[in-house]
Structure formats: structure tokens, C-alpha cells
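Colleague: Residue numbers (our numbering), protein chains in the order written: chain A, 1 to 898; chain F, 1 to 110.
Derived SDA-like pairs: lysine to any residue, alpha-carbon spacing no greater than 20 Å straight-line:
(1) F:Lys-80 with F:Ala-22
(2) A:Lys-262 with A:Pro-124
(3) F:Lys-46 with A:Glu-68
(4) F:Lys-46 with A:Val-35
Calculated Cβ distances over 12 Å to all of chain F for the following chain A residues:
(5) Ser-151
(6) Arg-235
(7) Glu-379
(8) Gly-637
No lab work stands behind these hints: they were computed from the structure. Nothing here was measured: the structure is a model prediction, and the numbers come from that model. Positions of the beta carbon are idealized from the N, C-alpha and C atoms, including for glycine.
The lines below spell out each chain.
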Amino acid sequence: MSFARMASLLRNLLHKQREERELDEEVHSHELLLVDEKIRAGLHPREARRQARLELGGLEQVKEQVREVRAGHLLETLWLDVRFGLRMLRKSPGFTTVAVLTLALGIGVNTTIFSAVNAILVRPLAYRDSPSLVDIWGKLEKQGLPQLPISEPEYWDLLEHNESFSQIAAYSLGGKANLTRADGPPEHVSEASANADLFPLLGIKPLLGRSFAPDEDQPGHSYFALLSYALWQGRFGGDLSIVGKSIHLDGLPYAVVGVLPKQFSLGGKQDLWVPLGLDRAKPQDRGSHYLNVVARLKPGVSAAQVSDALTRFALYLHRTYPASYKTFDMYMVPVKEEITSGLRPALLVLLSAVAFVLLIACVNVANLQLAHASSRERELGVRAALGAGRARLVRQLLTESLILALSGGLFGLVVGYLGVLALRELAPANTPRLDEVHLDPVVLAFTFGVSLLTGLFFGLAPAWHAARSDLREALNEASRGTSASAGSRRLRAALAVSELALAVLLLVGAGLVLRSFSRLLGVSPGFRTEHVLTLELALPEKAYADGAPVQNFFGQLMARVDAVPGIQAAGAVSQMPLTDSYESGSVFFEDTSLADLPRYQPFGNLPYMEIDERAVTPGYFRALGIPLLRGRLLNEGDDANAPLVAVVDENFARRFWPEGDAIGRHVALDAIPKVKTPAPRWRTIVGVVGHVKHYGLGVQGREQIYCPHAQPLFGAFSPRDMTLAVRTSLDPGSVTSAIREQVLVMDKDLPLYNIATMDQLVSTSVAQPRLNLSLLLAFAMLALTLAAVGVYGVMAYSVTQRTHELGIRMAMGASAVNVLKQIFLEAGRLTALGLAFGLFAALALTRFMASLLFGVEPSDPATLGVAAALLAFVALAACYIPARRASRLDPIVALRCE
Amino acid sequence: MPPNQTNLLQGTLDMMILKSLALAEMHGLGISRRVEQITKGTFQVKPGSLFPALHRMEEQGWLVSYWGESENSRRAKYYKLTSAGRRELEAETERWGRIALAITRTLEAS
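Can you build the whole structure from these sequences, using the hints too?
Modeller: What follows is the structure in C-alpha cells.
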């Protein structure tokens with residue numbers, strides 16, 4: 001656009017009136033000049049004026065032609081359309097309110113779910129160049145270990161044989177410490193360890209101070225700490241001079257070197273980080289897999305190349321250390337996938353669900369607009385007769401649709417924002433990246449885009465209808481006030497059917513998840529959950545040496561707890577079911593009839609398998625109500641001086657001795673050289689108990705073995721981190737303080753933490769499926785309501801349009817029942833078609849949500865049936881009011897009604 | 001109204017208006033009559049084509065307008081060529097010459 005043209009545009013828009021006046025004068029003067037000319041040629045003045053008019057060809061037309069070439073003409077008509085559209089919408093507030101509300105709900109739920117999808121699945125992680133970050137894992141598929149951390153020797157070997165990575169770093173999670181200080185009670189903190197390479201690799205710069213220097217990450221010199229933002233704010237009040245100060249962990253002083261940024265998280269929330277302090281000269285055993293390894297891919301290296309390189313590296317390990325490796329393999333997972341893959345299926349299902357809700361909302365508004373448009377047919381007819389082109393009318397209708405859609409979008413943002421708040425409140429606290437979910441520019445752009453698309457989509461039907469319909473006929477029809485054209489009715493019926501079909505689809509989806517959830521809750525965890533309180537505590541290494549001190553502490557503590565009034569049973573376990581704590585290890589068999597078990601060379605080629613190992617005090621089984629099936633439970637006599645014993649679960653007994661009894665068999669937990677046992681220390685199985693769902697109600701866990709805490713599990717070691725389970729019908733709060741009192745009497749620096757009732761643990765363990773269920777149910781109800789409104793709209797309109805016809809029928813002798821039957825027949829046909837399409841779509845689509853289901857087939861007939869029945873009921877109920885109105889028509893009034 | 005009314009191509013009309021104004025500043029009717037006169041009545045420029053063309057060319061900066069007095073003392077809007085308009089006329093004339101020559105050659109070829 002040239003400068004001159006731009007200036008004209010501005011002039012035309014800003015000085016519209018002056019321009020109009022000038023144009024008017026110019027055309028007028030032209031006319032006068034023409035008349036003068038004709039008079040000079042000898043014509044009578046009146047004849048001259050007539051001829052001048054003729055030659056001019058219509059003042060208004062000439063002016064309109066000039067206006068059309070002017071700059072800004074399009075903008076100006078758009079403005080007119082918008083103003084006219086707004087006036088039309090204001091004139092029918094009922095229609096406008098319903099349409100905007102429907103759209104706001106549809107667009108709002110999309111905004112909420114999209115903001116979650118965007119934050120969790122789409123946006124890159126808050127690390128430098130995060131797409132090139134991968135986690136490296138080992139696996140022992142045959143032993144039931146698909147994802148194995150890396151051992152120290154493997155880590156050093158990997159650094160030496162690295163081909164694919166520009167950087168590699170190691171860290172370790174799951175550490176715990178007691179943060180003690182003079183002026184307050186001890187506090188439990190989660191402690192992770194990182195080597196000096198980790199934070200530079202991730203590109204994380206501490207908010208205050210710095211990350212670990214290489215000379216701080218040394219064995220025996222690692223008394224340094226990096227605080228998380230949350231701990232710094234909460235425990236240290238955001239002290240800006242914290243760097244260089246000393247904090248006490250398990251009674252030992254650690255120098256604070258820095259504070260991590262607020263948004264930093266790795267392996268979930270960690271309270272603080274300490275140096276890993278690996279000793280290259282004296283690495284731990286090759287079989288001790290505990291390091292998380294993260295690496296940055298070299299630029300241009302493909303995933304396939306890295307996988308190949310890792311497999312080659314695993315083969316190198318096999319060749320070099322044949323005694324240690326049999327079936328070991330290695331692989332990598334992109335860090336983002338590692339974090340978010342668990343949520344992906346649910347989020348995608350939810351995203352599809354809200355897309356369907358929006359489709360229903362669109363169809364609903366399109367239907368409303370059609371009904372609205374047919375009452376405007378006369379207006380459109382008049383405008384067409386006055387010279388408005390078809391394109392102009394379509395543009396006008398589309399403009400109105402876009403105004404509706406954008407208003408819907410605006411209110412949708414409000415709905416979406418509330419939705420995000422609700423989502424962050426309802427989602428389980430350990431949902432990855434939850435605190436990143438908010439309305440950012442990407443989400444705003446998405447909402448705007450969706451609103452525009454929505455407007456075009458639901459605006460198409462009425463616009464298309466207006467463009468097609470014969471406007472002259474529209475004028476006639478409106479004057480007759482009879483039934484709508486067959487085309488319009490078919491279109492509206494088709495829209496109602498598609499709405500019903502989409503609602504069925506959502507109902508089926510929500511129904512399947514509902515049934516899954518009730519199945520999940522119906523699963524017995526293998527113990528009695530009511531009236532159980534759980535509390536965790538950990539003995540620091542400095543104050544309690546391995547072996548007797550740890551064993552004695554828990555022995556005495558349990559005796560004290562047992563004596564607390566109101567406690568029916570109490571026990572302790574190294575890993576409480578339905579928490580994030582788990583531990584497994586190799587259990588070796590003296591004899592088992594199973595031939596295909598892996599074997600381990602150093603101790604006479606013993607068969608072994610990865611088993612969940614627990615250390616318990618004798619009262620544990622009674623406290624949780626885990627049933628004894630055969631043999632005996634552990635008791636006070638199974639102490640350090642008694643023969644080693646163990647109790648196994650029913651799955652263990654059935655798998656390894658499918659025929660014959662497990663009781664009396666010998667197994668060993670520590671038949672590996674690292675614990676420097678000269679020979680396997682065999683334990684005798686004395687009892688079989690029921691299986692406990694450790695990892696969640698819907699998860700098939702490993703086999704379980706329970707050893708007495710009083711007898712060391714490996715070498716001299718018994719777990720120093722135990723969770724108490726207390727069966728009591730008293731108030732959990734008062735029992736907690738009674739137990740805390742007993743603990744503090746024994747050691748004033750020991751905090752109790754992770755205090756929860758077992759019912760709370762169960763509830764937390766199903767928080768994710770519960771959230772999926774709540775959201776899907778809400779969306780399905782929304783869909784059902786919208787579809788019901790849609791059906792109501794179509795039927796009510798149909799009845800209104802046919803008042804005349806129904807009147808004739810009734811005048812001719814049709815009874816109210818006949819009329820009712822006719823209306824319901826029509827509604828029934830729509831519903832049946834909607835059900836058929838919806839069920840068909842459900843059968844095709846629900847298999848994509850199989851990963852969200854538990855114990856229910858995606859094509860579960862009962863769910864399909866109930867969903868169909870519910871929809872049919874709601875649809876027919878929705879047409880009850882219009883049908884009743886039809887049946888109560890007074891024929892005389894109906895016939896007169898014009 | 002002559003039966004052989006020619007449908008003016010927009011570019012041709014622009015060119016003829018510019019050519020008329022190159023000789024003198026004129027009002028709309030004057031331009032109309034001038035074109036008729038030059039073309040000996042082959043082209044009749046009706047107000048419905050004339051005014052949109054004038055306004056468009058004014059917005060493009062080829063013409064400027066002012067209110068003046070006609071020969072018989074009526075207020076009329078006069079149009080005047082700008083230097084940009086003059087350049088446009090030259091370019092158009094040159095282009096038209098090339099096209100006319102090409103067409104003549106095509107028609108004369110046997």
C-alpha cells in the first residue's frame with residue numbers, strides 16, 4: 001500500500017462525513033453542469049433536467065460506486081456488519097445468553113485441559129536444551145527388573161567408553177535425613193545426592209551461591225548442601241545470607257553452598273542436595289545398582305545410534321566381566337518422556353473428551369442459530385430485495401457467529417482459569433509439572449484460535465442455509481407463517497443426531513472409567529485398612545551403628561508403643577504398602593523345582609529371583625490384619641540369637657513350589673560377595689501369609705518375603721528407616737502425640753514424619769484415577785446437558801413451526817394422545833439415530849482409552865447399555881415439555897395463530 | 001446513445017482521463033466531453049465509471065482536486081495532474097504503444 005493510499009485510508013475513516021459531503025456536492029454540481037449544457041443546446045429546462053438525470057444514471061448508485069473503490073471500504077462494511085450483528089444479538093438476549101454460555105463452557109473446559117497438556121506434555125522441561133537430555137537405565141528383564149539404576153563400576157566404565165554423549169552425570173534419590181537445630185524440634189527432610197557434573201549438565205544455576213565444585217564432590221569431604229527453594233523459604237525464612245552458613249543433618253554440620261531455583265525439580269521434590277562423593281578408587285559392587293544417570297546427547301546423534309551404542313556397551317560389560325553379567329542390557333529414555341509418559345494417556349483422553357464437548361457446544365449453537373435465522377428469514381429476504389448480495393448476507397451471518405464465538409471465548413477464558421485453579425487443587429500433589437499449569441500466552445492463543453474456529457464452524461450451517469434458500473420464497477413463507485422448509489428441518493435434525501451421538505460417546509467413556517474405578521476400589525489390598533495409623537522414622541547412621549543398636553532401638557520402641565493405652569496392635573515395616581517406598585533384592589533358593597530361573601555363579605550356581613524384601617517387627621501382621629495362611633507368624637523369639645527365619649506371601653509359595661509346601665524350605669538374601677558372607681546364610685520359611693498390594697490396588701506386584709527386623713538381613717544390616725503401623729480406634733492425633741512422646745524419650749532428635757491413616761494412603765494411591773474419573777464424569781454430564789438442550793430446542797421449534805398443522809389435525813379429530821405420539825415418534829427417531837451413531841463411534845474409539853481402564857473391557861456391554869438408556873431417557877424427557885404443549889393446543893387458537 | 005458502445009477497460013479509461021488532464025485542468029463533465037471529442041464519440045464516459053476512476057486515481061496520488069468555478073460560474077470540482085500522474089501517463093502511453101504495435105503485427109501477419 002502506497003503512502004498516498006494509506007493517507008486516503010486514514011482520511012476516509014477519520015473524516016468520513018466531510019468526504020461524504022464533498023462527494024454529494026461533486027455529483028450534484030455535475031448534474032447542474034449537465035443541465036446547463038442541455039439548456040445551452042436548446043432544450044426546455046424541464047426536458048434538460050430529465051435528460052441530465054438519465055445520463056447521470058442515478059445519484060445514489062454513482063455515489064455507492066465511488067464509495068466501493070475508496071480505500072477502507074471493506075473495513076467499513078465489516079464495522080457495519082459488526083455493529084449490526086451486535087444490535088441483532090442484543091435484540092434477542094435469550095438466544096445470545098444461551099449461545100455465549102454454551103460456548104463459554106465448551107471453550108473453557110478446552111482451555112483448562114489444553115493448559116495442562118501444554119504445561120505437562122508440550123512445553124520443554126526447565127533445563128538447558130532439555131530435548132537432548134536422556135536417562136540411562138539398565139535392565140534385567142528375566143529377573144523382573146525392567147528398569148534398573150546403574151552401579152558405580154558401570155558408571156566409570158560408561159564414562160570411559162562414551163561415544164554418544166557430550167556430558168554424563170550421576171545422582172541418587174531416596175535419601176533421608178533429620179534436620180536438627182538447637183531452637184526447634186527435629187525435622188525430616190528428603191535428601192538427594194548429585195555429583196559435581198549434574199547441575200552444569202542440566203544448565204541449572206543456583207538462585208544464590210553456586211553448585212558443587214569438583215573438590216567438594218569427594219569421598220569423605222562431602223559435607224556441603226544445596227537447599228531447595230521450598231526448604232530455604234520454609235525452614236530458613238528465605239535468609240539471603242544463608243550461603244556459607246552451617247546446617248545440621250543427622251547431627252553433622254553441612255556448609256550451605258547455594259539455593260536452587262524455585263522451578264527446579266528432579267526426581268520429584270527434594271528438600272536438599274548433597275554431593276554424591278563417589279570413590280573411583282574403591283567403587284561399590286558391580287551388582288549394587290543405585291545411581292540415576294542422566295546424559296546429554298551429542299548434536300546430530302540419532303536415538304537409534306545411541307541405543308546401539310548402549311547395547312554394545314552392555315555387551316562389552318558381558319565380555320569383560322562374565323561372572324557379573326548374564327542378561328544385562330542398557331537403554332535410554334528421553335528425560336521428558338520419563339517424567340510425563342505416565343500422564344500422557346489420561347491427558348490425551350481428556351483432551352479428546354473436551355474436544356467432543358466443544359463439538360457438541362458448536363452443534364448446539366448452530367442449531368440455535370438456525371432456529372433464530374428462520375425467524376429472521378423475513379429480514380434477510382427484505383435486505384436481499386433491497387439489493388444486498390448473497391455474499392454480503394453470508395458475510396453478515398458469519399460476522400454475527402464470530403462475535404458470538406469471541407464473546408464465548410472471552411467468558412471461556414474465565415471458565416478455563418477457574419478450571420485451572422480447580423485442577424491444581426484436585427490433582428494429586430505428586431503430579432509431575434503440576435505447578436507449571438497456568439494460562440500462558442500459548443494457552444491464550446489456543447483459546448483465541450479455538451474460538452475463531454468454533455465461530456466459523458457453527459456459523460457455517462446458518463450461513464450455508466441462508467445462501468441456499470430462495471429469498472423470495474422466504475418472504476412468502478414468512479408471510480404464511482407455516483412450517484420451515486424441508487431442507488432446514490433435515491439440517492436441524494442432523495445436527496441434533498450428531499449431538500446425541502457425541503454425548504453417547506462421552507457417556508460411554510465416562511461410564512467405562514467409572515466402572516474401572518469401582519472395580520479398583522473393590523480390590524482388596526490384602527489387609528484391613530480401617531483404624532490403622534502409620535508413622536515413619538529413621539535412625540541416623542552417626543548415632544546408631546548397623547546391627548544391634550538399630551535392632552534394639554526398634555525392639556524397645558515397639559515394646560513402649562504396645563504399652564500405650566488404646567493401641568490394639570503395633571508393628572513396624574521397612575516399606576509400608578501404598579507409599580512410594582519400595583525395596584527389592586535377589587533371593588537365592590536352596591532348592592526349587594523351577595528350572596528356568598537365572599543362576600548366580602559365585603555361590604555354587606544358585607537359582608535366584610528378584611523379590612520384594614521387607615524387614616518387620618513381629619506385631620506388623622496383626623497391626624495390618626494380614627492373614628496367616630499356613631505355618632506361623634514371626635514372634636519375639638526370632639531374634640539375633642535364634643535361627644534365621646522368614647515368612648513369605650502366597651504368591652511366593654505358589655510360584656517357587658507349585659507342588660508341595662513352602663514351609664521348611666531354605667532361602668538366602670545375602671548370598672552375594674558384597675556383604676562378605678563366606679557362605680549363603682540360609683533362612684527357613686516358617687509361614688505363608690496373604691499377598692499385599694504394595695504398589696497400588698490395580699498393580700500386580702512382585703512376590704514378597706518378610707524377615708524379622710531383629711535378625712540382620714545382609715551382613716549386620718537391618719533397615720534403619722521403618723514405618724510404624726498402629727491399629728487403634730482412638731483419635732489418630734492423640735495416638736500420634738503419645739507415640740511421639742515415647743520416641744522422644746528414647747532420642748530427642750528423632751522426628752516422626754509421613755504420618756497418615758491407612759485409609760488416607762489408600763485414597764492417595766487412587767488419586768490419579770479418581771481425578772480422571774471426576775473430570776470425565778463432569779465432561780460427560782456437560783455433554784448430556786448440552787445434548788438435552790439441543791434436543792429440546794429442536795423439538796420445541798418443531799412444535800412451534802407446526803402449530804398450524806397440529807391445529808388442523810386436532811380440528812380434524814386427532815386426540816391429544818395422537819399428537820403426543822407423533823411428537824415422541826419424531827423425537828424417538830432422532831434419539832435412536834443418535835444412539836446408533838454414538839454406540840458405533842464408542843465401539844471404534846474406546847479401545848484408545850484401554851490404558852485408563854481396570855478390569856473392564858472397552859466394549860463392556862453393560863456400560864454401553866446404561867449409557868444408551870440414560871441418553872434415551874434424557875432425550876425423551878427433554879421433549880416432554882414441547883410435546884405436552886403440542887397436546888394441549890387449542891385447535892381454534894392454533895389455526896388463528898399467524 | 002451509439003449502438004457500438006465500447007466497454008472501456010479500466011486501464012484504458014485511466015489513460016484517457018490522464019491524457020485529457022495533461023492538456024488542461026478540468027471538472028468531471030469537462031473530462032467526459034473531452035474524451036468524447038478526442039475519440040469522436042467512440043467512447044462515452046458515463047458518471048458511473050468516471051467518478052470512481054477519478055477518486056481512485058486521486059487516492060493513488062496521480063490527481064489532485066480543488067473546488068473552482070466553471071465557465072458559466074458554477075461551483076465545480078476540478079482535477080489536476082500531479083507529477084506522479086504525469087509519470088503514470090508516460091508509462092501507460094509507452095506500454096499502450098507496445099501493445100498496439102504487437103496487436104497490429106499479429107493481425108497483419110498472414
